[in-house]
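Colleague: Residue-level listing of the chains:
2 protein chains.
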Amino acid sequence: MHRLLILSRHAEAYRRLIEVEHLADLEIASSDDCDVVLGEPSIIAPAIGRLTSVGWVQSTWAGVEPLLDPALRRDYVLTNARGVFGGLMSEYVFGYLLAHERKIFHKHAAQREGRWDPTPAGTLKGKRIGLLGVGSIGAALARTAKHFGMHVKGYTRSSEGCAEVDEYFHGSERLAFARDLDYLVCTVPNTAATRRLVDAELLAALPPRAVFVNPGRGSIVDEQALAAALREGRLGGAVLDVFEQEPLPADHVFWRTPNIVITSHTAALSFPVDIAPVFIDNYRRFSAGQPLRHQVDFDREY
Amino acid sequence: MHRLLILSRHAEAYRRLIEVEHLADLEIASSDDCDVVLGEPSIIAPAIGRLTSVGWVQSTWAGVEPLLDPALRRDYVLTNARGVFGGLMSEYVFGYLLAHERKIFHKHAAQREGRWDPTPAGTLKGKRIGLLGVGSIGAALARTAKHFGMHVKGYTRSSEGCAEVDEYFHGSERLAFARDLDYLVCTVPNTAATRRLVDAELLAALPPRAVFVNPGRGSIVDEQALAAALREGRLGGAVLDVFEQEPLPADHVFWRTPNIVITSHTAALSFPVDIAPVFIDNYRRFSAGQPLRHQVDFDREY
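Chains as they are written, first to last, in the numbering used here: chain S, 20 to 321; chain H, 20 to 321.
These aren't lab readings, by the way, just hints derived from the structure by calculation. Wrong hints could be hidden among the right ones.
Because identical chains cannot be distinguished in the list, a pair is counted as satisfied if it fits within a single copy or across any two copies.
Unchecked claim - EDC-like cross-link-like pairs, simulated, lysine to aspartate or glutamate; straight-line CA separation at most 20 Å:
no., residue 1, residue 2
1, K146, E183
2, K122, D51
3, K165, E183
4, K144, D293
5, K146, E31
6, K146, D88
7, K144, D199
8, K165, D185
9, K144, E186
10, K144, E31
11, K126, D270
12, K165, D199
13, K146, E40
14, K126, E265
15, K165, D293
This structure is a prediction, so every number in the text was calculated from the model and none was measured.
Hey, can you work out the whole structure from these sequences and the hints?
Modeller: Pasting the structure below:
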């Protein structure tokens, strides 16, 4: 018999979604005596030290930073939520790309003034989008970009597996990747290799019309360099869901930076109805002794 | 030799785009002595009476209302611009659908107040969209709706030719079509049969959460009934590009109606770069004596 501890803000929803599956040899634990844990890394991290029998932890998030703290145990299999955020991320990113092309905020302001505003809208068709990272989320964004007739550039460590990416760039080709973009979208995981990947140099390589969208991780960006580029009109705009510190502090420069959109880490929330199937699929593998999907490599950090 | 008169606000752009094609037996006329006309119906209508040699008029718009005036001649072939607006219409409609799901205006207001706003966004996935009219524009909308995982209902006179429509409705099934929609989008042409198709009865059949989007023609809607439904909270919102009278008069109730977006007839503008190929293709047919594409039936009104 396996014993599952659920450490989540949505524990009741997860319990219901799992119980209706009647999974073999599984009971839901109400104490620390468990060998399987499902939940948010931020809640699991402070508890992991005392969960001495744990063999497997399923994160409800894609990012698992709190569990990567070198002070914590790593003697268990850690799996994350992957392959479920592509659709939501696509709605987030293209919602704001279309808002930009259609001048939605501009037209909203005109309407509030009672003003008929025939300013023509732009179009995504033929525009160039650069994906910093082409994992499952990047691939979903590439599909939507192609649907709208965009040219898709991808920057990855080495992979070139997504058919919807028109041009791949790697390693030192970072600035050539950026040079002619209309949109730069960042979906790389937060690792030592991606920290400050979007720095002053990359921002300077972007055309002044370009809009930067970050639904990934705040640590990817040099926030001061981004604020300066926007303030000085060297960048068309930024749509930011994630930040070095969240909630974004009241005195942060971003609250006063022009052409910025702040969406308060809501781009792709982990809904139990989406995440529970990832756990259920993995549990069936776990109880059959098969390898689990979406295993995190503690050293690679994702 | 054929003589083409261009009656358009973008006459110079059309001239350049056509001249580079070196079309056989075509010269661009600078007087009323012409047998072919390309341009906006609103500019052609006042001139058509004196263009006595005209055999063919290519409209740069999809809608040709000004030329349907029964007082005007109908002894020529009239073709309209079709098959070129689907992409732009799709960007318009899904820009505002995503703005609604992502609570873009709500989050914009929070940001202006310096407020971190973790309100979760909605999703298009699984939502139900109803297309009132499934011509080439409706079909483009259906493809984008399926891309985002929506359920697509279509209401047409009789056609059922679009594979991306999940359920078709016709004639008296108007209210069954409306009953469970999250979004109602109207792309029917302006004809006697479609006038006031969106009336108080149809609006009452929609769920109170539903959002109505009209990038088609203003005459389709009973504007007073729509304003009342929005004011009384019987409808979730409306996104309106077109109106009975344009520009929308300063004293029109819509300027003071809640949950309305007014986009000032900019949903899908006729750009010469998109429309010129329609003319060029049709000219080749015309000069070869073949039937023209996109012929308007004056009696059917489209």
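Colleague: Find the hints from earlier in the document that the structure breaks and name them by number, from lowest to highest.
Modeller: 2, 5, 6, 10, 13
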